[in-house]
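Build the full structure now, drawing on both the sequences and the hints.
Numbering (this note's numbering) for the sequence shown: 1 to 142.
No wet-lab data here; the hints were simulated from the structure.
Treat the hints with care, since some could be wrong.
Have a look at the derived ranges for each label pair, beta carbon to beta carbon [claimed, not checked]:
| no. | residue 1 | residue 2 | range |
| --- | --- | --- | --- |
| 1 | His42 | Thr102 | 18 to 28 Å |
| 2 | Glu133 | His42 | 18 to 28 Å |
| 3 | Glu66 | Glu111 | 22 to 32 Å |
| 4 | Glu142 | Arg26 | 27 to 37 Å |
Yeah, the Cβ is synthetic: ideal placement off N, Cα and C, and Gly gets one too.
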Amino acid sequence: MSTERIELALAVLIDAEGQVALQRRRADSKVYAGRLSLFGGHMNAGEQPLVAANRELDEELSVTFEQTRLKPLLEDEFDAVAEYADPIKVHIFQGYFPETYTIGECDGAVERYSLQDALWRSDLVPTARAGLEQYIANKRGE
Numbered sequence: 001m002s003t004e005r006i007e008l009a010l011a012v013l014i015d016a017e018g019q020v021a022l023q024r025r026r027a028d029s030k031v032y033a034g035r036l037s038l039f040g041g042h043m044n045a046g047e048q049p050l051v052a053a054n055r056e057l058d059e060e061l062s063v064t065f066e067q068t069r070l071k072p073l074l075e076d077e078f079d080a081v082a083e084y085a086d087p088i089k090v091h092i093f094q095g096y097f098p099e100t101y102t103i104g105e106c107d108g109a110v111e112r113y114s115l116q117d118a119l120w121r122s123d124l125v126p127t128a129r130a131g132l133e134q135y136i137a138n139k140r141g142e
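Structure, rendered in structure tokens:
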């Protein structure tokens, strides 16, 4: 096992009705096949987390920072996630899911759920659960 840290930039995206938009990963995905995850992905070497999150959302949904208005939500570390044997560092942002988007290099389909319904899903990946729990905690504190 290598000790190189994998870093991900992900986004909790909430639509105009207050529902969270999640990605249903394809059945043939290398990681978390068929499960619900946040949009986003791997950061490039030297890339800043917000830049990576915006790049990923542009690649996956053809949306811009002006549409999503991402802001930091959570930074966390995971010892191992699914098929990854290496430690994972996750940067999660929150933002708005725009009314218009185009599926690009997305690893699956878009599904929307109420925040509570999403948390009850047994097919929600751990990074998505952590991001949604933090988002809800922040909302309660407002």
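Q: Check each numbered hint against the structure and report the violated ones by number, ascending.
A: none
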